[in-house]
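S.K.: Kindly produce the complete structure, drawing on both the sequences and the hints.
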Amino acid sequence: DGEYLAVQARDPPLSLFRLNRDLTPVELPGVRGATDFALSDRYAAARDSAGKLTVWDLAGGKKLPAPRGESLSKLAIDETGQFLASLSHDQYGKGAIMVRTLPALKQIGRVVFDTIPEFALAPGGTRLAISGRSRATASSPWRFHVDIVDVATARPLLRIHEDISWVMLRFS
13 DGEYLAVQAR DPPLSLFRLN RDLTPVELPG VRGATDFALS DRYAAARDSA GKLTVWDLAG
73 GKKLPAPRGE SLSKLAIDET GQFLASLSHD QYGKGAIMVR TLPALKQIGR VVFDTIPEFA
133 LAPGGTRLAI SGRSRATASS PWRFHVDIVD VATARPLLRI HEDISWVMLR FS
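Counting the sequence shown from 1 gives a position; the numbering used here is that position plus 12.
Incorrect hints may have been included.
Said to hold, decoys possible - With a straight-line cut-off of 20 Å between C-alpha atoms, the simulated SDA-like cross-links for lysine to any residue are: (1) Lys-64 with Pro-77; (2) Lys-86 with Asp-60; (3) Lys-86 with Ser-61; (4) Lys-74 with Leu-17; (5) Lys-64 with Lys-74; (6) Lys-74 with Phe-29; (7) Lys-86 with Arg-22; (8) Lys-86 with Asp-48.
What the hints assert, rightly or not - What follows is a set of in silico ranges between Cβ atoms, one per label pair, in the way DEER data are often shown: (9) Thr-92 with Asp-23: 25 to 35 Å; (10) Ala-148 with Val-179: 18 to 28 Å; (11) Gly-45 with Pro-153: 39 to 49 Å; (12) Asp-102 with Pro-77: 17 to 27 Å; (13) Arg-22 with Thr-149: 42 to 52 Å; (14) Ala-71 with Asp-162: 25 to 35 Å; (15) Ala-71 with Ser-184: 18 to 28 Å; (16) Ser-83 with Arg-147: 27 to 37 Å.
Rather than coming from a laboratory, the hints here were simulated on the basis of the structure. Built from N, CA and C at the ideal position, the CB exists for glycine as well.
M.R.: So, in structure tokens, the structure goes:
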């Protein structure tokens with residue numbers, strides 16, 4: 013609604029200013045230890061150094077209840093601001109990308125992987141683009157690809173082969 017302005021900076025890492033009241037800053041609970049922000053026009057999500065998820069409603073700075081027990085390493089919010097994707101993995105690079113609704117944080121999909129990927133969440137939270145690599149045999153060279161995956165079923169819809177290592181993915 014344009015009443016608040018979210019500003020990502022060094023310290024604090026995220027600030028929220030109320031624009032119609034002489035730029036009064038709104039304290040975001042738990043923001044001091046947060047890193048790796050994902051922002052939409054309504055929500056901000058971050059993880060702390062231990063990988064714990066925190067999500068705030070930017071219309072006032074309210075902290076939303078978040079799932080516990082996950083150690084996250086990457087976050088993304090879709091273009092509509094209604095879905096959050098979070099990546100967690102073990103020390104071997106195996107893990108999953110979970111997709112949740114905002115603000116309820118109800119999980120609607122989970123896609124597993126065996127190497128830490130780059131990923132993007134499509135508008136509406138229905139598809140993920142996930143980078144990966146594969147090879148025909150143990151001695152053949154790696155081939156890089158991006159899979160477009162249905163979030164609800166975790167089934168691949170399309171594979172794009174390119175002999176480049178993907179750095180960033182984004183739906184438009």
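S.K.: Indicate whether the distance between the beta carbons of Ala-71 and Asp-162 respects the range 25 to 35 Å.
M.R.: holds, 31 Å
S.K.: That 42 to 52 Å hint for Arg-22 and Thr-149 (C-beta), does it hold up?
M.R.: Because 48 Å falls inside the window, the suggested range holds.
S.K.: Is the gap between the beta carbons of Asp-102 and Pro-77 within 17 to 27 Å?
M.R.: holds, 26 Å
S.K.: Tell me if the straight-line CA distance from Lys-64 to Lys-74 falls inside 20 Å.
M.R.: holds, 17 Å
S.K.: Regarding Thr-92 and Asp-23, is the given constraint of 25 to 35 Å on their beta-carbon distance met?
M.R.: Given range 25 to 35 Å: holds, Cβ gap about 31 Å.
S.K.: Sort out whether Asp-60 lies within 20 Å of Lys-86, counting only the CA atoms.
M.R.: holds, 11 Å
S.K.: That 18 to 28 Å hint for Ala-148 and Val-179 (C-beta), does it hold up?
M.R.: holds, 25 Å
S.K.: Do Ser-83 and Arg-147 keep their Cβ atoms within the hinted range of 27 to 37 Å?
M.R.: This hint holds: roughly 29 Å between Cβ atoms.
S.K.: Given the proposed pairing of Lys-86 with Ser-61, does the C-alpha separation stay at or below 20 Å?
M.R.: OK: Lys-86 and Ser-61 at ~12 Å, within 20 Å.
S.K.: Could you grab the alpha-carbon distance between Lys-74 and Phe-29 and see if it respects the 20 Å cut-off?
M.R.: Judged against 20 Å, a Cα distance of about 13 Å means the pair holds.
S.K.: Does Pro-77 lie within 20 Å of Lys-64 when you go C-alpha to C-alpha?
M.R.: Between Lys-64 and Pro-77 the Cα gap is close to 12 Å, so the pair holds against 20 Å.
S.K.: Quick one, are Lys-86 and Arg-22 close enough, alpha carbons at most 20 Å?
M.R.: Cα-Cα ~19 Å, so holds.
No hint from the list above goes unmet by this structure.
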